[in-house]
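Chemist: Take a look at the letters that make up each chain.
There are 2 protein chains.
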Amino acid sequence: MERKIKIGLIGLGTVGSGVFKTLKAFPDIEVTKIAVKNINKKRNIEGLDESILTDNPYEVVNDPEIDIVAELIGGIDPAYDLIVNAIKKGKHIVTANKELLAKKGEDLFNIASEYNKVILYEAAIAGGIPLIMPIKTILAGNKINKIKAILNGTTNYILTKMDVQGASYQDVLDEAQKLGYAETDPTGDVEGFDAAYKITTLATIAFKKRIKFENVYREGITNIRPEDMKAANEMGYKIKLIAFAQIDDNGKADVRVHPMLVPKSKTLAHIDYVTNAVTLSGHPVGDVTLSGPGAGEFPTASSVVGDILSIASEFGKTDYMLPMMRCNHSESAQMLDITETENKYYLSITANNKIGVIGRIGKACEENNISLASIVQKEFGSKNCADITVITELAKEKDMRKVIDIFNRDDSIISVNSLIRVQI
Amino acid sequence: MERKIKIGLIGLGTVGSGVFKTLKAFPDIEVTKIAVKNINKKRNIEGLDESILTDNPYEVVNDPEIDIVAELIGGIDPAYDLIVNAIKKGKHIVTANKELLAKKGEDLFNIASEYNKVILYEAAIAGGIPLIMPIKTILAGNKINKIKAILNGTTNYILTKMDVQGASYQDVLDEAQKLGYAETDPTGDVEGFDAAYKITTLATIAFKKRIKFENVYREGITNIRPEDMKAANEMGYKIKLIAFAQIDDNGKADVRVHPMLVPKSKTLAHIDYVTNAVTLSGHPVGDVTLSGPGAGEFPTASSVVGDILSIASEFGKTDYMLPMMRCNHSESAQMLDITETENKYYLSITANNKIGVIGRIGKACEENNISLASIVQKEFGSKNCADITVITELAKEKDMRKVIDIFNRDDSIISVNSLIRVQI
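Residue numbers (the working numbering), protein chains in the order written: chain A, 103 to 526; chain B, 103 to 526.
There could be a bad hint or two in this list.
The list treats identical chains as one, so a pair stands whether inside a single copy or across any two.
Claimed, not checked - List of simulated lysine-lysine pairs, DSBU-like, C-alpha gap at most 30 Å: (1) LYS248 - LYS205; (2) LYS123 - LYS310; (3) LYS126 - LYS190; (4) LYS366 - LYS498; (5) LYS139 - LYS206; (6) LYS123 - LYS354; (7) LYS245 - LYS311; (8) LYS238 - LYS311; (9) LYS504 - LYS314; (10) LYS368 - LYS238; (11) LYS366 - LYS332; (12) LYS311 - LYS108; (13) LYS219 - LYS245; (14) LYS126 - LYS310; (15) LYS205 - LYS310; (16) LYS190 - LYS419; (17) LYS500 - LYS446; (18) LYS311 - LYS219; (19) LYS419 - LYS238; (20) LYS245 - LYS126; (21) LYS263 - LYS368; (22) LYS126 - LYS248; (23) LYS106 - LYS126.
The hints are simulated quantities; they were obtained by calculation from the structure and are not laboratory data.
Extracted from the complex, chain A is given alone in its bound form (with noise of 0.2 Å):
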């Protein structure tokens, strides 16, 4: 490199600092402005320079001195104004924004192929782990078509801490506000929107269609309770919150994140606690799995600067720079809806123990075309009543609806406590 590559950050949270500290192992490379929210506020970096710190993103994003500007503050608002005059001042952008790509993503690229700038954004997806550029670069010649993914470490911690413990949501939940693993509202994170966000991103990518967020079909894990946790065991399965995306020969994409019931034979119902991984599955290569930490200061840290890295390496060269991880995937997917999906199901019902329940059982989902792989009822105490759980074999998500109709109606049922899907 001829000179010192000058970088911009906007922001110096968690992720920002992490970035800082990491940047100052590379001696051609310069942070040289940094904008943040509160510019009295007491920070313990080593080697900060405070002069250089601005409470106005704007002189980052106007300095005509910054080659890259680093978005590391989230949101919508002012993050995509931000950026895009950044692109239309000259600069490249990376960012760890998972919010602003979902949903104003193909503006944004559209707008930096305009001004010939690239957005790299590896740490808005899974953190710390290589996603974004081996899927463009060294698996460029495969066709992805499926994807299974746990992108959200709230909820991971969540259910992994309920299964181990045969804890209750919400005590897990209180456990982990306390410990600083979920935020005070907790929404964005339990209610998978955070998942969502990030599958939708993930997807656009791998399938090279533009996925819409508002398209994506996004279910919680508020729902899942310790039974369904030990039910699942039982069973060989480990329930997670999963990120789906499938594409079928025709183009017609299915994005979705709700719980699964994954069986333990597969990589995904091992990964614990705050660990992120994505399975990937494609011709020629088949499926591979990636795992690691999927937040933190220092692992997006190692995602953010190997984007900097990486622009920085073709810096100043006079042809067109990291043609592979160009984004301009302008046709739109069409997207299946959930209720046009196939999915096998796990359910737990609450019945009278009276005789004829279980046929009952069997007749609606005969009736509805949907299989029954195993159905298993234990006696619930003293009460009089029985648990029973059912997993079927494939069957309509529109058939699965009718049957718990039905059931919502049968007076011998006292409640269909869960219904979950289950990893084929």
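Starting from the known structure of chain A, fit chain B onto it as the hints suggest.
Modeler: For chain B alone, coordinates are given in the frame of chain A:
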């Protein structure tokens, strides 16, 4: 791309066929010449114009039209000479040749550098798993200091079968040979040579210091007994052939291939049959595990084609191509000898069922600075002897060898059955 990129293949066996078939999907890339061993062999490859076949690989190397040569025959001779000549004729190289890279890598990369050509080799290590390119690009901000890997599918298949079926090494090997999962002469796999070639190159890339193959310690799986599998399982471990590499802060490297007891809490313990996996540890990323198919026609083709597309994407540029993918690790790492290492050990002993044996085992260990983490004695039916299983705390290899000598001389110890290192 302005014109079609022209590819010459050397070898049209399993991998070569996969590469040819996969490249057909890319209209900007054309395979224009293929060197084969037997030009008269009946081939059934769709779209193959047999007039591009030659049995003289130098016709590929010397063809002025060819831009990239993919060497897919393996071994040192004639692969080395072919690659050197191809580079001198101005071609970039893609190779899947792990033995050549391990033994002649330094030499080849120096020649490539001199002629400003690139050698890519993603397929040489862990088949279809994205590994080399991620290390060199998106993980470039990291200091990687440890690698734990399953790099040989044949031995992992044998060990998995021994574990699942309780069968002996020899029985499983016979079956694997019948099914084509093991070669007629299985030495390269079962004695750990294949894994040692791969970890030599992988550690060189990850540590940015050249590892010499002849300094890599190597033990195979031929002495692993079903009894060891069973004992390991009972104590919460799986036995795997692990390729291990570590570098300390002074730059001293410890690189080796040998069986290890892997705790079931680790991902590598769940990598079964022919699947490969690599856990990289570094800062800032932490631990990342990449797993998938380590061999086979299509997975290997995925990596070869990924390398070809990466070179093709930059082709015709006037500037220095793929700067991050270059290899120039001229500094050799200082290497730790196996006798200088510290490990935890699993030890299986058969002893006469006499008073004092356990005491003598304990004393020999204590006098040689070895602490025992656990010791289990089981009576051995009617034979009046006992099976004793020991797991030690971290101990010096030197001390452990002394203790084994003492046991071998002890009249009340019938046999030292196994000594296997334990992954921490």
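Chemist: Determine for every hint whether it applies to the structure shown.
Modeler: Going through the hints against the structure:
In this assembly of identical chains, the alpha carbons of LYS248 and LYS205 lie at most 30 Å apart only when taken from the same copy (22 Å versus 38 Å across copies). In the homo-oligomer, the alpha carbons of LYS123 and LYS310 lie at most 30 Å apart only across protomers (21 Å), although the nearest pairing inside one protomer, at 35 Å, exceeds that limit. Taking CA atoms no more than 30 Å apart as the test, LYS126 paired with LYS190 passes inside one copy only; the shortest distance there is 28 Å, against 39 Å between copies. Taking the closest pair of Cα atoms, LYS366 and LYS498 come within 30 Å of each other only inside a single copy of the chain (24 Å); across copies the shortest separation is 37 Å, beyond that limit.
With identical chains, the CA atoms of LYS139 and LYS206 are at most 30 Å apart within one copy only, with a shortest distance of 23 Å there and 54 Å across copies. With identical chains, the CA atoms of LYS123 and LYS354 are at most 30 Å apart between copies only, with a shortest distance of 25 Å across copies and 44 Å within one. Proximity of LYS245 to LYS311 under the C-alpha cut-off of 30 Å is restricted to the intra-copy arrangement: shortest distance 12 Å within a copy versus 35 Å between copies. Within a single copy, LYS238 and LYS311 get their C-alpha atoms as close as 14 Å, and across copies as close as 28 Å, so both meet the 30 Å cut-off.
Proximity of LYS504 to LYS314 under the C-alpha cut-off of 30 Å is restricted to the intra-copy arrangement: shortest distance 28 Å within a copy versus 66 Å between copies. For the identical chains of this complex, LYS368 and LYS238 are neighbours both inside a copy (25 Å) and across copies (29 Å), given an alpha-carbon limit of 30 Å. For a Cα distance limit of 30 Å, the shortest separation of LYS366 from LYS332 qualifies both inside one copy, at 13 Å, and across copies, at 20 Å. Taking identical chains as interchangeable, the C-alpha atoms of LYS311 and LYS108 lie at most 30 Å apart only when they sit on different chains, with a minimum of 29 Å there against 34 Å within one chain.
When the C-alpha separation of LYS219 and LYS245 is checked against a cutoff of 30 Å, the pair qualifies both within a copy, at 26 Å, and between copies, at 29 Å. Proximity of LYS126 to LYS310 under the C-alpha cut-off of 30 Å is restricted to the inter-copy arrangement: shortest distance 19 Å between copies versus 36 Å within a copy. When the C-alpha separation of LYS205 and LYS310 is checked against a cutoff of 30 Å, the pair qualifies only within one copy, where the shortest distance is 17 Å, while the shortest distance between copies is 40 Å. For a Cα distance limit of 30 Å, the shortest separation of LYS190 from LYS419 qualifies both inside one copy, at 20 Å, and across copies, at 25 Å.
For the homomeric pair LYS500 and LYS446, the shortest alpha-carbon distance inside one copy (12 Å) is at most 30 Å, but the shortest distance between copies (56 Å) is not. Taking identical chains as interchangeable, the C-alpha atoms of LYS311 and LYS219 lie at most 30 Å apart only when both belong to the same chain, with a minimum of 21 Å there against 34 Å between chains. For a Cα distance limit of 30 Å, the shortest separation of LYS419 from LYS238 qualifies both inside one copy, at 21 Å, and across copies, at 19 Å. For the identical chains of this complex, LYS245 and LYS126 are inter-copy neighbours only, at 13 Å across copies versus 39 Å inside a copy, given an alpha-carbon limit of 30 Å.
Taking identical chains as interchangeable, the C-alpha atoms of LYS263 and LYS368 lie at most 30 Å apart whether they share a chain (19 Å) or sit on different chains (17 Å). For the homomeric pair LYS126 and LYS248, the shortest alpha-carbon distance between copies (22 Å) is at most 30 Å, but the shortest distance inside one copy (39 Å) is not. Taking the shortest Cα distances, LYS106 and LYS126 sit within 30 Å of each other inside one copy (12 Å), while across copies they are farther apart (42 Å).
Every hint, counting from the list given before, is met by this structure.
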